[in-house]
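> Take a look at the letters that make up each chain.
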Amino acid sequence: MKNLLLVLLACSFFACNVKKENKQSEQPSKPVVSVVNYPLYYFTERIGGAYIDLKYPISEGVDPAYWMPDSESLSILQRSDVLFTNGANYAKWLSNVSLPERIKFNTTEAVKDRYIEVQEGTAHSHGEGEEHVHTGLAFTTWLDLSIAVKQADAIKDKLIELVPNKKAELISNHKQLVAELSKLDMKLKSISSEKVIIGSHPVYQYLASAYQLHIHSVHFEPDMMPSHKQWHELEHLLHHHPSGLMIWEGEPSDEIKDELKKRNIDVLVFDPCGNVPSEGDFLSVMQANANSLNAKLN
Amino acid sequence: MIQSLYLGLKYLQYHIYRTIILIGAIGVILYLPLGLGRLISESETQMMARADATPLIIGAKDNATDLVINSIYFEQCNVEQITFSKANELDRLGFGYSIPFISVFNARNYPIVGTTLDYFRFRNLDIEEGHNLQFVGECVLGALVAESLNLGPGDSLVSSPDNFLDLAGSYPLQMKVVGVLKTSNTPDDRAVFTDLKTNWVIMGLGHGHEDMTEVKDPTLILEQDSTSITASAKLFIYNKIDGEKLESFHFHGDKSNFPITSILFIPDNHKAATLLRGRYKTDIIQEQILIPSEVIANLLENIFRIKHIFNTVFILVGFATLLILSLIIVLTLRLRKKELYTMFTIGSSKTKTFEIVVSELLVIIVGSLMLAAALYAISGYFVESFIQQFIL
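The listed protein sequences derive, respectively, from chains C and A. Our numbering applies: residue 813 is where the first sequence begins, and numbers increase by one. Our numbering applies: residue 352 is where the second sequence begins, and numbers increase by one.
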């Protein structure tokens, strides 16, 4: 009798569990959304992170603009319902992989007319072929925070299409994010200066354009001592555009700082925050950037 | 009656070769219109099934039939191309989604079909072996291609140059086979699928080569100054895309202006399809929008008009056979005059003699019908593969 009771109890427990599992499997799965860089990840997470399955397969310390997915990461991206891209030819790997066109969503489509054209490398030709220059577009669009707001708008609209039942929440989250971005945009706009700044890397085009900064760039890496040729290029640039401030994506090495000091150049770190920062988040990094810029220029 | 049938059978058995020839001739005459009718109706069904499963096709205002045939059966007829931007424009309308498509080149006589991953999803094409397209330079083979070329994941397949005398023409590209599709009994089984971008590389719109600022061989550079480098023709253009070379591949020009042959458009619903078709009624739009089922139905109507000619021929041949059969019977009866007289003299009635002759004829007709039915059943078994091989 006791055994029979135990069996009945076990059966009812099992039945309950099965019912519970069935109930769980009945829940609709969240749409899978992937992004190509951290700013887009941050905007998407803030607006609708709770209602979607957000994928960002790029590991820390890698520049997402030059990342190349492996087979596994690409499989994740191919299975997405939406892939938020940055536009402006950001993430060159997008040209060399197979992705469903249907899922790609360019977050800067509405502001395409504000793309900044740049020359990539030298003009060249192949044999008798026509000479050509690989012209490209500057792609750190989010450094113009008014463009970042447009990107957030585009993300919000697409997420509403994906999860229409959470429209109110998405609009509310978006409103809050836009308020914070706009506040920061205003702050950066207030830091206008006639001072010439040397950019260590050609990534500050949108920053310069949006906030009337005079930035002329070389191509230095913070952790790699520039060659003689590169120092020569810097001196050439300084000759035409005298400057006492160099803006860096990350803290340069002490050796580089010493060399810059010899040329009376001060260092300012302005992290474009293309990938996940080691501390804080997109807004806190941008806030710190704005504070540093303000301190150095004013 | 049984006795008459027995005697008839014995007579036919005695003249076995003549009986077999008669059964064969009548059987084939009965089978031919039935078999051909089945082949035609099966072909119609299969061709229409493919067309019915394709909602809309958009392409240049050229030959509508060629455009549809190229887009759904991969027949590489000379179709005028449109730009890739048209697909993006269609997507932006919000009526559905587009699947851009290009089929110009071939590899070992099988068409190379450049498209996007949406195509596989739309046609429910699953991978049997390996995986689907991931990187530029890869290809996925239809089941029949893989079988006939004996290729599988890990092998490579070289695209055929469109003209061996045009040295500056398309670049033969060594594509990496990454997957084989499950058999679908459709033209997809006979195609080599690549990404659109791989097709553009074959067209010479994209390529990979050494970084020209870092070349070590001075003979590769014809001219160099601070802003430009001119490489000699010796500069090696990669003919396959893998590993580190992948990153060096680049396209010259705006991809939105790159060519495609057509766009398969999947509307969200009937209303969206109607609205979209309405837009193409104006002369402002340079392309045409087609409903494949209408185009193919029209084509089949023209092609299978020949069915009526065949039917007439079969009726005439049948009539001729009937006359010959009558002649054979009359001549046979004349030859058997003595035999029939003997039967009559030993007591057989005229009715009985007639019954014996009718039984013989009945056996021949039943035998012919059985032969026709057997041929019909056999051809029914092979009709699908016959259509796949020779018609679609």
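Because the hints were derived from the structure by calculation, they are not lab data. Quick reminder that beta carbons are idealized off the backbone N, C-alpha and C, glycines included. Don't take each hint at face value.
[Unchecked claim] From the structure, some residues in chain C lie toward chain A, with a derived Cβ separation under 7 Å:
| hint | residue |
| --- | --- |
| 1 | Ser-883 |
| 2 | Ser-885 |
| 3 | Leu-886 |
| 4 | Leu-906 |
| 5 | Ser-910 |
| 6 | Pro-912 |
> If a hint holds in the structure, say so; if it does not, say that too.
Cross-check of the supplied hints:
Evaluation of the C:Ser-883 hint against chain A yields a held restraint, the C-beta minimum of about 6 Å falling below 7 Å. With a cut of 7 Å, the hint placing C:Ser-885 at the interface with chain A is violated, because the nearest CB-to-CB distance is about 10 Å. Hint status for C:Leu-886 relative to chain A: holds, with the closest Cβ pair at about 5 Å, below 7 Å. Interface hint at C:Leu-906: violated, since its Cβ lies 10 Å from the closest Cβ of chain A, which is beyond the 7 Å cut-off.
At a threshold of 7 Å, the smallest CB-CB gap from C:Ser-910 to chain A is about 4 Å, leaving the interface hint in force. Of the supplied interface hints, the one on C:Pro-912 holds, with its beta-carbon coming within about 4 Å of a beta-carbon of chain A, less than 7 Å.
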